[in-house]
Amino acid sequence: MSVITYREALNRALDEELERDGSVFLMGEEVAEYDGAYKVSKGLLAKYGARRVVDTPITELGFTGLGVGAAMAGLRPVIEWMTHNFALLALDQVINEAAKMRSMSGGQFKVPIVFRGPNGPAEYLAAQHSQALASYWAHVPGLKVVAPATPADAYGLLKSAIRDDDPVVVLEAEMAYSWKGEVPDEEYLTPIGKADLKRPGSDVSIITFGKPLKIALEAAEALAAEGVSAEVLDLRTVRPLDEAAIRETARKTGRVVVVDESWPVASVGSHVAHLAARDAFDRLDAPVELVSGEDVPMPYNHGLELAAQPSVAKIVAAAHRALYKES
Amino acid sequence: MADKTYPKPSAPAPGAGPGRLGGLDKAELLDLLRRMQLIRSFEERAGQMYGLRKIGGFCHLYNGQEAVGVGAVSALDLEADYVLTGYRDHGHALACGMDPKAIMAELFGKANGSSRGKGGSMHLFDASRHFLGGNGIVGAQIPVATGVAFAQAYRGRASGEGAKPTGATLCFFGDGAIHQGAFHESLNLARIWKLPAVYVVENNQWGMGTSWKRVSSLEEFHRMADGYGMVGVDVDGMDVLAVREVVAAARARALDEGIPTLIEAETYRYKGHSMSDPQKYRSREEVDEYRSRDPILVLKDRMAAAGLVTETEWEAMVKETDALVDESVAFAEAGPEPAPGALYEDVYATELAL
Numbered sequence: 001m002s003v004i005t006y007r008e009a010l011n012r013a014l015d016e017e018l019e020r021d022g023s024v025f026l027m028g029e030e031v032a033e034y035d036g037a038y039k040v041s042k043g044l045l046a047k048y049g050a051r052r053v054v055d056t057p058i059t060e061l062g063f064t065g066l067g068v069g070a071a072m073a074g075l076r077p078v079i080e081w082m083t084h085n086f087a088l089l090a091l092d093q094v095i096n097e098a099a100k101m102r103s104m105s106g107g108q109f110k111v112p113i114v115f116r117g118p119n120g121p122a123e124y125l126a127a128q129h130s131q132a133l134a135s136y137w138a139h140v141p142g143l144k145v146v147a148p149a150t151p152a153d154a155y156g157l158l159k160s161a162i163r164d165d166d167p168v169v170v171l172e173a174e175m176a177y178s179w180k181g182e183v184p185d186e187e188y189l190t191p192i193g194k195a196d197l198k199r200p201g202s203d204v205s206i207i208t209f210g211k212p213l214k215i216a217l218e219a220a221e222a223l224a225a226e227g228v229s230a231e232v233l234d235l236r237t238v239r240p241l242d243e244a245a246i247r248e249t250a251r252k253t254g255r256v257v258v259v260d261e262s263w264p265v266a267s268v269g270s271h272v273a274h275l276a277a278r279d280a281f282d283r284l285d286a287p288v289e290l291v292s293g294e295d296v297p298m299p300y301n302h303g304l305e306l307a308a309q310p311s312v313a314k315i316v317a318a319a320h321r322a323l324y325k326e327s
Numbered sequence: 001m002a003d004k005t006y007p008k009p010s011a012p013a014p015g016a017g018p019g020r021l022g023g024l025d026k027a028e029l030l031d032l033l034r035r036m037q038l039i040r041s042f043e044e045r046a047g048q049m050y051g052l053r054k055i056g057g058f059c060h061l062y063n064g065q066e067a068v069g070v071g072a073v074s075a076l077d078l079e080a081d082y083v084l085t086g087y088r089d090h091g092h093a094l095a096c097g098m099d100p101k102a103i104m105a106e107l108f109g110k111a112n113g114s115s116r117g118k119g120g121s122m123h124l125f126d127a128s129r130h131f132l133g134g135n136g137i138v139g140a141q142i143p144v145a146t147g148v149a150f151a152q153a154y155r156g157r158a159s160g161e162g163a164k165p166t167g168a169t170l171c172f173f174g175d176g177a178i179h180q181g182a183f184h185e186s187l188n189l190a191r192i193w194k195l196p197a198v199y200v201v202e203n204n205q206w207g208m209g210t211s212w213k214r215v216s217s218l219e220e221f222h223r224m225a226d227g228y229g230m231v232g233v234d235v236d237g238m239d240v241l242a243v244r245e246v247v248a249a250a251r252a253r254a255l256d257e258g259i260p261t262l263i264e265a266e267t268y269r270y271k272g273h274s275m276s277d278p279q280k281y282r283s284r285e286e287v288d289e290y291r292s293r294d295p296i297l298v299l300k301d302r303m304a305a306a307g308l309v310t311e312t313e314w315e316a317m318v319k320e321t322d323a324l325v326d327e328s329v330a331f332a333e334a335g336p337e338p339a340p341g342a343l344y345e346d347v348y349a350t351e352l353a354l
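Chains U and B, in that order, give the protein sequences.
Sequential numbering from 1 applies to the first sequence in the working numbering.
Sequential numbering from 1 applies to the second sequence in the working numbering.
Just so you know, not all the hints are guaranteed correct.
DSS-like cross-link-like pairs, simulated, lysine-lysine; straight-line CA separation at most 27 Å [unchecked claim]:
| no. | chain 1 | residue 1 | chain 2 | residue 2 |
| --- | --- | --- | --- | --- |
| 1 | B | Lys-319 | B | Lys-271 |
| 2 | U | Lys-252 | U | Lys-325 |
| 3 | U | Lys-47 | B | Lys-194 |
| 4 | U | Lys-47 | B | Lys-164 |
| 5 | U | Lys-198 | U | Lys-252 |
| 6 | U | Lys-110 | B | Lys-194 |
| 7 | U | Lys-325 | U | Lys-314 |
| 8 | U | Lys-110 | B | Lys-164 |
| 9 | U | Lys-194 | U | Lys-252 |
| 10 | U | Lys-314 | U | Lys-180 |
| 11 | U | Lys-214 | U | Lys-39 |
| 12 | U | Lys-214 | U | Lys-198 |
Computed list of chain U residues with no C-beta within reach of chain B, every gap over 12 Å [to be verified]:
| no. | residue |
| --- | --- |
| 13 | Val-3 |
| 14 | Gln-128 |
| 15 | Trp-179 |
| 16 | Lys-180 |
| 17 | Tyr-188 |
| 18 | Leu-197 |
| 19 | Glu-221 |
| 20 | Ala-222 |
| 21 | Glu-226 |
| 22 | Ser-229 |
| 23 | His-271 |
| 24 | Pro-297 |
| 25 | His-302 |
It is worth saying that the hints were derived from the structure and are not from the lab.
All figures in this text were calculated on a predicted structure; none of them were measured in a lab.
A virtual CB, placed ideally from N, CA and C, is assigned to each residue, including glycine.
Okay, chain U solo, but in the shape it has when bound (with noise of 0.2 Å):
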């Protein structure tokens, strides 16, 4: 066991992947010579060449469905976004064409690629930068998504990634790049489509995906001092989502508080609230509880920011709002 940065653990699941299968490259905007926007391909170049690590124009539409033809022709591209906001230029390749190629060939097509990339709030970076869009990928049938919250994840769900078969999403996270965790040392895969049960509790149970597993295990904590035994589940995948587990915690406490920094319409975190009312209607105790990103673009100044997001105080209220517990 080894302590390492979330975006090491990334590097070493990437540099393992290209080592492992030569029918493996990594392509994106300043990948190979930049060592990467975030460091999270450092090296690579150096030992892969410039083959299989390639460095791209800023031209997101291009290299996206150059990836799409390249899986089809029976490659394994892994395509780094700079950035999920600069991905939104290449929705028509990941939804209409990575997506759907293989339903609409009647499955004589598969499209073994990864998308990954920085997703969700991060500082000081205002509204075109910062903001959570795990939905729009979420809502695709034919896509896969996985949204790691730890190292050890981050590591295990990126190489399932590159073996899958089928697109898959990575949702990374600008702030979570260098949290540090517990990874094994050994070779691991981590499925996809099952969530993990980070913390038992019988009271209420709290329903995360991504970089907000963080604040939901400080709010678990701070709840515990109240005497409130708090679960928190960890999604790690979102498409498909793990129903079996969301049911089970469900039921297990009949209260909950799903956390998304999404906004609230139509996002992964209304799904999954949908999904705990009516897989445990008959054992809930209160309303379940969305906290979700505001409904607002995200400003530029700190304080604002910051208020635009989910938190452990508003998870903690939640929590309280669902034990009928004053604050």
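Since the structure of chain U is provided, determine the placement of chain B on it from the hints.
What follows is chain B alone, placed relative to chain U:
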């Protein structure tokens, strides 16, 4: 029947001589003629079947453009090369040797269709013929095709930086697609990475109801290649032998020199943009002018003049292709509806974990 392979482009191509046209002998020429006629017959029948509501949704016919699809694909080696196109794809699919029965059944939405009834007219695919579809979003196939060419170069270069690609990729699109960012981004990528791509813009003059001249900064599309340091060529898209020749040269350039080519084929669609198009934007005279240069009759007349096809042979060919189309309609009619359980099939390649 339809999937006999074309003469390999690598075969020696002696120029015109006795009993030859465009370097091809009688059998090869008859093959090109037959493929064009099969497309024509297929499309006429598809139009009729649409009128009978056997086919629904959008149905874009290829009548008039046969020389581009057949000429271009005839210059490829589909063991190594790939073809991608947009939604006006029946002709390209047939040119690649796809089974007309499977195509007609797909248009009918039947389970015995090429995409098991999931794709329809705009989404024909045949992995075995290296035909990668069948794309409904204008121009979206251009980056995808560029990626297929990338894979060919990637595999080739596994043995060394300067090594040849494993094949070339040909991408068809219309004049409507040429102003999409997808086109311009792709050309740039193909050029900087020396990808073995051949881009063929079929200028059929009308992007739905919009004249291409009204929406293009350039009237010569092939000059757009200049902006990317590529080779640009224009060709008479009503002349199957001319198309074949420029595509063969482009393919060789792609494989040998790593230089992608943009080919502008001037052609014309006889039918509306889709079956629901009343075509109020163009005149009868314009359509008639192009019909007088019909690509099938042009080749047939040239062959007849050179003593390479007789009227009897031609009539037999029409009969044979019509019969094949009849058979396709019967196959489609008799095909089963997809089973309800098919709804969730083929969405993912691997089972979901849950």
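Consistency of the hints with the structure:
1. Lys-319/B / Lys-271/B: Answer holds: Lys-319/B to Lys-271/B is near 23 Å, not above 27 Å.
2. Lys-252/U / Lys-325/U: 19 Å, holds
3. Lys-47/U / Lys-194/B: Holds, at roughly 23 Å.
4. Lys-47/U / Lys-164/B: 23 Å, holds
5. Lys-198/U / Lys-252/U: Since the Cα atoms of Lys-198/U and Lys-252/U sit roughly 15 Å apart, the hinted pair holds (cutoff 27 Å).
6. Lys-110/U / Lys-194/B: 26 Å, holds
7. Lys-325/U / Lys-314/U: Holds, at roughly 14 Å.
8. Lys-110/U / Lys-164/B: 26 Å, holds
9. Lys-194/U / Lys-252/U: 18 Å, holds
10. Lys-314/U / Lys-180/U: Holds, at roughly 25 Å.
11. Lys-214/U / Lys-39/U: 22 Å, holds
12. Lys-214/U / Lys-198/U: 11 Å, holds
13. Val-3: 28 Å, holds
14. Gln-128: 19 Å, holds
15. Trp-179: 26 Å, holds
16. Lys-180: With a cut-off of 12 Å, Lys-180/U remains clear of chain B, as the shortest Cβ separation is near 28 Å.
17. Tyr-188: Given a closest Cβ separation of 15 Å, the condition holds.
18. Leu-197: About 16 Å separates Leu-197/U from the closest Cβ of chain B, which puts it past 12 Å; holds.
19. Glu-221: 30 Å, holds
20. Ala-222: Nearest chain B Cβ is 32 Å from Ala-222/U, so the label holds.
21. Glu-226: Label holds. Min Cβ-Cβ 35 Å, cutoff 12 Å.
22. Ser-229: 27 Å, holds
23. His-271: The claim stands: His-271/U keeps its Cβ more than 12 Å from every Cβ of chain B (closest is about 15 Å).
24. Pro-297: Nearest chain B Cβ is 25 Å from Pro-297/U, so the label holds.
25. His-302: Nearest chain B Cβ is 35 Å from His-302/U, so the label holds.
The earlier numbered hints are all upheld by this structure, with none contradicted.
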